[in-house]
Each structure stands twice: as structure tokens, then as C-alpha cells.
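Novice: Chains F and U are the protein sequences, given in the same order.
The working numbering numbers the first residue of the first sequence as 16 and each following residue consecutively.
The working numbering numbers the first residue of the second sequence as 16 and each following residue consecutively.
None of these hints come from the bench; they were simulated from the model.
Small disclaimer: the values here were computed from a predicted structure and weren't measured.
Glycine included, every Cβ here is placed at the ideal spot set by N, Cα and C.
Watch out, some of these pointers could steer you wrong.
What the hints assert, rightly or not - One-sided excerpt, in silico: chain U residues whose CB lies under 10 Å from chain F:
1. SER231
2. LEU243
3. CYS415
Unchecked claim - For each label pair, taking beta carbons as the anchor points, the in silico distance ranges come out as:
4. U:ARG240 with F:GLY143: 20 to 30 Å
5. U:GLN234 with F:ASP237: 18 to 28 Å
6. F:GLY143 with U:GLY419: 20 to 30 Å
7. U:PRO411 with F:LYS455: 19 to 29 Å
8. U:VAL277 with F:GLU123: 53 to 63 Å
9. U:ALA257 with F:LYS252: 36 to 46 Å
10. U:SER460 with F:LEU165: 29 to 39 Å
Stated by the list, open to error - Think about it this way: if two alpha-carbon atoms lie no more than 25 Å apart in a straight line, the pair counts; the simulated SDA-like pairs of lysine to any residue are:
11. F:LYS245 with U:LYS332
12. U:LYS332 with F:ASP237
13. U:LYS245 with F:ASP366
14. U:LYS245 with F:ALA216
15. F:LYS182 with F:ASP366
16. U:LYS332 with F:SER231
17. F:LYS337 with U:ARG240
There are 2 protein chains.
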Amino acid sequence: MIFALLKRKGKRNHDLLSVVSQSYLRGEDRGVKKAILMAVELRTMVLGHFLVISLALNAGLLYRNYCGGEHKSQNIFSFKSECKNSSSASTMAFLETNFQPSKPALSEVIDLDHGDPTMYERYWQQTGDRTTVVIPGWKFISYFSDVRSLCWFLEPEFASSVVRLHKLVGNAATDGRYIVVGTGSTQLFQAALYAVSPPNASEPISVVSAAPFYSSYPQITDFLRSGLYKWAGDARKFKRDAPYIELVTSPNNPDGLSRVAVVNRDRGVLVHDLAYYWPQYTPISSPPADHDIMLFTVSKSTGHAGTRLGWALVKDKETARKMTEFIVLTSIGVSKESQLRAAKILQVISDSHEQRGIFDEGEAFFEHKYHHMARRWKQLRAAVEKSKLFRLPEFPHGKCEFSGRTFALQPAFAWLKCEGDTEDCEAFLRGHKVLTRSGKHFGESTRHVRISMLPRDEVFDQFTERLASITSLPLPSPSST
Amino acid sequence: MIFALLKRKGKRNHDLLSVVSQSYLRGEDRGVKKAILMAVELRTMVLGHFLVISLALNAGLLYRNYCGGEHKSQNIFSFKSECKNSSSASTMAFLETNFQPSKPALSEVIDLDHGDPTMYERYWQQTGDRTTVVIPGWKFISYFSDVRSLCWFLEPEFASSVVRLHKLVGNAATDGRYIVVGTGSTQLFQAALYAVSPPNASEPISVVSAAPFYSSYPQITDFLRSGLYKWAGDARKFKRDAPYIELVTSPNNPDGLSRVAVVNRDRGVLVHDLAYYWPQYTPISSPPADHDIMLFTVSKSTGHAGTRLGWALVKDKETARKMTEFIVLTSIGVSKESQLRAAKILQVISDSHEQRGIFDEGEAFFEHKYHHMARRWKQLRAAVEKSKLFRLPEFPHGKCEFSGRTFALQPAFAWLKCEGDTEDCEAFLRGHKVLTRSGKHFGESTRHVRISMLPRDEVFDQFTERLASITSLPLPSPSST
Numbered sequence: 016m017i018f019a020l021l022k023r024k025g026k027r028n029h030d031l032l033s034v035v036s037q038s039y040l041r042g043e044d045r046g047v048k049k050a051i052l053m054a055v056e057l058r059t060m061v062l063g064h065f066l067v068i069s070l071a072l073n074a075g076l077l078y079r080n081y082c083g084g085e086h087k088s089q090n091i092f093s094f095k096s097e098c099k100n101s102s103s104a105s106t107m108a109f110l111e112t113n114f115q116p117s118k119p120a121l122s123e124v125i126d127l128d129h130g131d132p133t134m135y136e137r138y139w140q141q142t143g144d145r146t147t148v149v150i151p152g153w154k155f156i157s158y159f160s161d162v163r164s165l166c167w168f169l170e171p172e173f174a175s176s177v178v179r180l181h182k183l184v185g186n187a188a189t190d191g192r193y194i195v196v197g198t199g200s201t202q203l204f205q206a207a208l209y210a211v212s213p214p215n216a217s218e219p220i221s222v223v224s225a226a227p228f229y230s231s232y233p234q235i236t237d238f239l240r241s242g243l244y245k246w247a248g249d250a251r252k253f254k255r256d257a258p259y260i261e262l263v264t265s266p267n268n269p270d271g272l273s274r275v276a277v278v279n280r281d282r283g284v285l286v287h288d289l290a291y292y293w294p295q296y297t298p299i300s301s302p303p304a305d306h307d308i309m310l311f312t313v314s315k316s317t318g319h320a321g322t323r324l325g326w327a328l329v330k331d332k333e334t335a336r337k338m339t340e341f342i343v344l345t346s347i348g349v350s351k352e353s354q355l356r357a358a359k360i361l362q363v364i365s366d367s368h369e370q371r372g373i374f375d376e377g378e379a380f381f382e383h384k385y386h387h388m389a390r391r392w393k394q395l396r397a398a399v400e401k402s403k404l405f406r407l408p409e410f411p412h413g414k415c416e417f418s419g420r421t422f423a424l425q426p427a428f429a430w431l432k433c434e435g436d437t438e439d440c441e442a443f444l445r446g447h448k449v450l451t452r453s454g455k456h457f458g459e460s461t462r463h464v465r466i467s468m469l470p471r472d473e474v475f476d477q478f479t480e481r482l483a484s485i486t487s488l489p490l491p492s493p494s495s496t
Numbered sequence: 016m017i018f019a020l021l022k023r024k025g026k027r028n029h030d031l032l033s034v035v036s037q038s039y040l041r042g043e044d045r046g047v048k049k050a051i052l053m054a055v056e057l058r059t060m061v062l063g064h065f066l067v068i069s070l071a072l073n074a075g076l077l078y079r080n081y082c083g084g085e086h087k088s089q090n091i092f093s094f095k096s097e098c099k100n101s102s103s104a105s106t107m108a109f110l111e112t113n114f115q116p117s118k119p120a121l122s123e124v125i126d127l128d129h130g131d132p133t134m135y136e137r138y139w140q141q142t143g144d145r146t147t148v149v150i151p152g153w154k155f156i157s158y159f160s161d162v163r164s165l166c167w168f169l170e171p172e173f174a175s176s177v178v179r180l181h182k183l184v185g186n187a188a189t190d191g192r193y194i195v196v197g198t199g200s201t202q203l204f205q206a207a208l209y210a211v212s213p214p215n216a217s218e219p220i221s222v223v224s225a226a227p228f229y230s231s232y233p234q235i236t237d238f239l240r241s242g243l244y245k246w247a248g249d250a251r252k253f254k255r256d257a258p259y260i261e262l263v264t265s266p267n268n269p270d271g272l273s274r275v276a277v278v279n280r281d282r283g284v285l286v287h288d289l290a291y292y293w294p295q296y297t298p299i300s301s302p303p304a305d306h307d308i309m310l311f312t313v314s315k316s317t318g319h320a321g322t323r324l325g326w327a328l329v330k331d332k333e334t335a336r337k338m339t340e341f342i343v344l345t346s347i348g349v350s351k352e353s354q355l356r357a358a359k360i361l362q363v364i365s366d367s368h369e370q371r372g373i374f375d376e377g378e379a380f381f382e383h384k385y386h387h388m389a390r391r392w393k394q395l396r397a398a399v400e401k402s403k404l405f406r407l408p409e410f411p412h413g414k415c416e417f418s419g420r421t422f423a424l425q426p427a428f429a430w431l432k433c434e435g436d437t438e439d440c441e442a443f444l445r446g447h448k449v450l451t452r453s454g455k456h457f458g459e460s461t462r463h464v465r466i467s468m469l470p471r472d473e474v475f476d477q478f479t480e481r482l483a484s485i486t487s488l489p490l491p492s493p494s495s496t
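Bound conformation, chain F alone:
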């Protein structure tokens, strides 16, 4: 509308000016000169008015961009109309404080039981709008993402961002693989069990993993008392001459070590959980991992645990088809909102490495997180050194083909051992208000605990401070003397 108005008014103004300036050029009388002045003034006034209107429009649009863009994200999330009455200062304060909790006080419990990857929040805040997604209400009505695809609920954008990221990092082969998306790698792990279990066997197939193994494997495998598969414990102790499924988690949860299959007998199927096979935690080897079934998740690669999204790279079509069937039967697909968002985030990670001109120094995701993990391990080792009551594993060094750097593992969990007479390391640390997960859940001794290395900076600092301050064992109780 404003453009049409401008054109119309502009034309009239121009015509008038044209007449008057011609008179002026002809050197006509005083009245004409006055008219010239008036016309020029008129033009000035009209222009001035338009400038005012246009500036008002500028201000309006800038306001709308602010309230409708970045800020709107919190607005919608919190369901409050903050833009109406709040100053930008208070909004920014909200933004800042929301994920920068104050340092826990000395008396507070520090919970490092779960591997909640809140360490990643700050990085994603720093990327600003780049990873913001906007989803209109009419999106994702259908169950279907791509009816032609074997995994028909897989969003093509998510699939392409997964392939791009693996090609960038070089941690897994993707060519000719089927991608199956799941509600976290937890669902995919179960989909893999279902897919590779013989459907008509007289007894359930044995599921094994070398201790220490991920603490949830036994329960996840057995909680429904499936007739298809059954937890059979430590792979190193598996002696039956029967079909089996071996879960190979590499780097391993809880101890961070690289793993290979240990049973190595006929009639074995391997499922590789590569959740932690990313260059912030471990050197990436060459060639890329090339196993039959490889599981990944955003929880531990990008830190988006709340998104509940994982993917499997699968060689065999029938296995991929059965994994897809499992996901249809258990949840008729996977949240498309999560896939959209994860796709965006994986793309930005790739961009941060491939488009260095756009991203600032130190913003490349895996570089940034590598240094973050390196600092944390240094800090933890210093605390352990100071305390003298604990021991950490010594890790081998390896050349990372992604970064070109040679470094020792810096896992997402610390597999800590209590030294001396402390039999129950978890209870001992609980006494110091540090919650960890006992080694017994991982098929190992209670002298070990698993500690998450991925809390927020403030919590990690407090943890290492507290750990360093534990320098004496508890007094033996009267009964044990």
C-alpha cells in the first residue's frame, strides 16, 4: 500500500516541480520563484512525511523481528506474553539465567548418576539463531515422511544430515546403508534385538556384552520376558554353543575404552552401539566403522538428550525392514518434530566445520567440545591426584583422522575406582553427597563407580572441588573393628 501511495503522490509532486522548475529556468517573475520555493517545500514535506511513515514501519518491523523471532522462542515455550510488557534487558536476563544455574553449595547433592549432557547447552546458546527451528501448526499431520522409503517415517532431511555428518567426521560408512530412525538409540537397540532374533526358535537367543557393560542392557533385554531374546551376561563368560547376539559398545559405556567383539564364534550377530564414537570423546580411526548394525544417538553426539532421537546404519535390507517394523509396532514411527530439529542441528555442526568463513574461530563444534572434554579430564585427574583416594583408568593415545590430532580418550563417563579399603565406592561418594552409579550395575565390582562427565560447568567444577577435598576415609564403624 505504501508503495502505491508513494508512486501516486510522487507523480503529482514531480509534475508540479517540473512545471515550476521550467519556469525558473526561463527566469520568470517573482511569483513564479515563490511558487518554485513552495513546490520544493512541498516536495520536502511529502518526503518528510514518507520518511516518518517509513521510519515508523522500520521500528515496527524491528520490534516484530525481536518479539517474533529469537525472543518468541522463549515466549512460546513458557507460554507467557513477555514481549508485551517486559524490557529487553529482563528478557536477556531470563535467557542467561535459564541454563546457567548457580554453583551448587557445598552442602548440595551433586547428581552425576545419569549421563545428562547439559554440558552442551552453552555451546548451543552461543550458536544463536542458526539452530532455531520454526514449525507451523499444519506441519507433520501425516504419519508418513516418505512412502517410497523402506523406513517410511524417516524424514529425508534428517537422513541427509546424518549422511553428511558421517562423511565429514569419517566415523561410519554410510554408502549403501539403510538408515532407520528411532526414539533414541534405546528404541533402536531393542529394534535390533527383534530384527536379528530367530522368529521361530524353540528358546530365546542369548544376548551378551563384555563387562563392564551398559547398566541398562540386562533390564531392557529382559523386562518383557521376551521369548525371542534373553540376557546372558558377560560376553567373556559366554560358553554356550548356540546362536547369540553380542552388543559391542565402542567407546564403551561405562569405561570409555574402544571395544571389539569378544565371543567371535559362529552363529553370532553383532550390534555395535557407537553412541560415543565422536571426536570430542575419542580419536576417530580410519577407515570408517563398517559393521552390520551401527547405532547412534543425538543425546551423546550433539547433546540433545531431550529430543529422544537416534539412528541406525544397517547393511542388510531385511534387518532394516524388521527394525522398521519394530518401530511401527512400538510407536508407529518417530517424532517428526525431533527429526526436523536434529536435522537442523546436525547440518549446523557440519556447517561449523565446512564453512569456516561464516563461523568464528573456536566455533567448530567438535573442536569446541574436544577442548571442553580435554579441560574436564585434566581437571578431574588433578582432583583425583589431590585426593589420593581414587583411581582413574589410564587411556591409550591414538591419532584422530578427523582432527589430525593425537590424543588419549576423554570419555563421557569417568570409571572411577575407590582405593584402599573402600568396598562400596558409590556409598562412599554418596556420603559426600555425590551421586554416581555403582559398578555392580555394569557387571563389575562395587569398588567402581560411573560418573557422568557431561554436567554443566558449574556442577562439574563443584564436583571436582569436592572430590579433591575428600582426603580421608570414613572411620571404620564399631561393628567392623
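For chain F, the structure is supplied; the task is to place chain U on it using the hints.
Specialist: Below, chain U alone, put in the same frame as chain F:
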């Protein structure tokens, strides 16, 4: 910056003008008058320049709003930089055509096998920005939504929007209930089975449902060959004197009828699937449903099937705790992106009924969808009447306590029967390129088929047109004469 520049230049211009106009007022010589003219021209020029800059800024902001706002949603979704080279006209065409597919040609297959609720897309498009969600990259890092809640991965906003909607519609009691969120009601149904199955029974508990029952129940119950529960078929034929779980789907999938439990013996546990108990499909009775375990899903209430989100209202704390445990073991929670989006959508539905001043006439969600379903059922009955080869159930009328209206059921599926000699109704319709689901999958005869009533308008119109045109049975094949 522009404001500072304006101020600086404006000041200089003003000073010059002031000098010159003072000279003019004093009636000074020709040279001064020329200077006045020049000064006025200069002011005009400066204003003109600012207007151009300001207009450019407006255009830029409008472009950013368009490409970064509503349109960005598709842009992000499709990961194409359409804004860079395309005109807005072509972009709008994309927006329009994306969910308004052309009418399928006569020769095309019409797939009404799945209950894909694409009928809902147009409504959500019409609500515009109201249901748009914006999620910044740093959101939803943590696994946890509310550590104090029994269902700790349930987003509080989603929980409150669920309660608000039930209170508005009056279809289910929420006071004192536990809300458990799931990846669709499919995951919740399995969580319920797990939660109510005796953990240490010598044999699996029987799971039954009155035929015709939802076609996926048998397979979902049995596909893992669980030792906890086992499909035992039609509830009306269940005669064992043993514990059982009865699934009561009301309104029922496939036939849309209201249901009550049919076994009614001791040691029975009921799971009520109320996915379709919404006022666009069925009259809402008073008082609100008040069963022990009630399952709901956004797929059939709001139409957001791709969001994969359901919720359970649970009376018993231990049952809710075990359902939560199931969801932790199978997927460590539920997509927070889906919860955020569903929360927003449920809130807008409530708003559309409670804030009539803001919403236009006919925009109230359940009103709009009630009329939509009414039109479709009228249209389907007219087609069936014209063809004379099919029969539809006659539905009882009921008073809806939500709308105050008395009406007959208008279910999300049509449970169609082939008349005459047609034994396999699904095959017969397939011959006419209409894909439906055979009654045999629902524990009924092959003379029945289930037909989705929720495709897009264009598809539904084509379907009823095609159905009306089927007026003769196929010629008997030579072998059958």
C-alpha cells in the same frame, strides 16, 4: 546506526536552512534566494536519500520476516534456500500446493487403509501463526522435564494443556489422576500392559478385546512373545477363569460404536483407549469418563499423527509408576519437541472455544471439525445409497454435553459391508483402486472393510464419487460357475 546518521546529517541540514531562511525573511538579494533554493533542494535530497534507505530497510525487514518467519518453516523443513532466488508468488504456490494435492485422477489408487488424519491440515493452516512453535538450539538438552514429577519426562506445559482441554470438553476426569506421556497411544497401550501384568505369574496374562477390535492389538501384544501377557482374542469368547486384561476402545476402532467392558469377571483389569472420544466424532456424555487407565492421542484429537504423542490418565500411582518405567526402558522418555508443540496446539484449541472474541465465527476447533465430519458422513451415505452394493452401520443419536447438540456418531472410520455375493469386500474395492483394510484383521468377516474417513478433502471427494459409481458386481470368474 541509521538513527545516529540521521541525527547528525539532519542537524547540519537544519543549521544551513536556518541561516538561509533568516536571510530570506530579511528579503536579501538574488544570490541569497538562490542559496535558499539550493538549501531547500539539499534538504529535499537528504530527506529523499533517507527515505530510500528507510524503504530499503523496510523491504529488507519484510523480506527477513517472510523468509525468516512463516516461510522459514518450510525452508527449514525442506532445507532449500528458496528465498534466495524465488519470487514470493512461487513460494506461495508452494505453500498452497504442499497440502492441497490435486484431486486424484479416476485411474489413481485411493489409499484409505491407514487412518492418516490429513483432513486436519487445512484447519491448522487457517489458524496461521497461532500454532507456530519456535525452538532455539539450546532447548531440550536434558532428559528431564520435571524431576519432582512421577513422570519426570513429562513437560509441565503439556500436562497443563491436557488438563485444560479435558476440563473444557468434559470427556475425561483429570482431578487426582497421574498423567503419563508416551510416544503415541501405541507406546502407552504397551506401557499399560506391562504395568498391569502380574510380574511373577507362571503364565502370561490374557489380553482380550471385543471383536471387531483394533487390527494392531493382536500383533502388538504378541510380537515380542512376552512372558507377561498374551493375546487371547475376542473378549466375548473369553471363557477362562483366570486373570485378564480387557481393552475397551470407545468409540471403537473400526466401527465407531461406544463400548463398555464385556467380560466383567473378577481378576480383570481394564484399559480404556479413548483416542476417538472427542466431540467431532461422538456425543460427549456426562459425567466425564472415569476409568482406571484412559489413553488419548493427538493423532485423532488434533490430527497431528506425525507428532507421535499420546497421554494416559491413570488413577493408581503404582500403575502410573510402572507405565513410566516402561517408557524409560523403551525410549528414556518422549520427544520434548513433540510435547512442546502439542501443548501449544491443545492450548489453541481451548482458546478457540474460550476466547470467541479473538477467534472468528466457525474457527472453534471442535465445532469446525464436527461440521466437517458431518458433511463427510452425509456425502458417504449418499454415495452408498447411489451404489446400492454396500451397507453402513446405522448409529444411535446421543446428546453431546459439550456442544449441547443431539447427533448420531460420525466416526473416524467407516465400517463398510459389501452386500450381495461379494465375499471379499477389500479385494472388490481394491479392484476399483480403493485400498481399505479387510474385516478379517479386526476379528470379523471379510465382507467388512474399514475405511479411513480422514483423508484430505480432495481424496475424500474422489473416493465418494468412485464409490457411487460402483453399481455392478464383477462377473463371476469361469472357475466359479
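Novice: Next step is simple, just say for each hint if it's right about the structure.
Specialist: Against the structure, the hints:
1. At about 8 Å, the closest approach between the beta carbon of U:SER231 and any beta carbon in chain F falls short of 10 Å, and the interface hint on this residue holds.
2. The criterion of a C-beta within 10 Å of any C-beta in chain F is met by U:LEU243, whose closest approach is roughly 6 Å, and the hint holds.
3. Here the hint on U:CYS415 is broken, as its CB sits about 25 Å from the closest CB of chain F, past 10 Å.
4. Taking 20 to 30 Å as the suggested C-beta distance range, the pair U:ARG240 and F:GLY143 does not conform, at roughly 50 Å.
5. Taken as a hint, the range 18 to 28 Å holds for the pair U:GLN234 and F:ASP237, whose Cβ atoms sit roughly 22 Å apart.
6. Between F:GLY143 and U:GLY419, the C-beta spacing of about 50 Å breaks the proposed range 20 to 30 Å.
7. Our hint of 19 to 29 Å for U:PRO411 and F:LYS455 is violated, since their Cβ atoms are close to 60 Å apart.
8. A C-beta distance of roughly 55 Å is found between U:VAL277 and F:GLU123, which places it inside the suggested range of 53 to 63 Å.
9. For U:ALA257 and F:LYS252, the hinted distance range of 36 to 46 Å is satisfied, since their beta carbons lie about 39 Å from each other.
10. Between U:SER460 and F:LEU165 the beta carbons are some 33 Å apart, a value that agrees with the proposed interval 29 to 39 Å.
11. This hinted pair does not check out: F:LYS245 and U:LYS332 have alpha carbons roughly 29 Å apart, beyond 25 Å.
12. Proposed proximity of U:LYS332 and F:ASP237 is supported: the alpha carbons are some 24 Å apart, at most 25 Å.
13. A C-alpha spacing of about 50 Å is found between U:LYS245 and F:ASP366, which places the hinted pair above 25 Å, so the restraint is violated.
14. Restraint check for U:LYS245 and F:ALA216: satisfied, since their Cα atoms lie roughly 18 Å apart, inside the 25 Å limit.
15. Our distance criterion of 25 Å between C-alpha atoms is met by F:LYS182 and F:ASP366, whose separation comes to about 13 Å.
16. At roughly 24 Å between alpha-carbon atoms, U:LYS332 and F:SER231 fall within 25 Å of each other, so this suggested pair holds.
17. For the hint pairing F:LYS337 with U:ARG240, the CA-to-CA distance comes to about 15 Å; that is within 25 Å, so the pair holds.
This entry does not satisfy hints 3, 4, 6, 7, 11, 13, going by the numbered hints stated previously.
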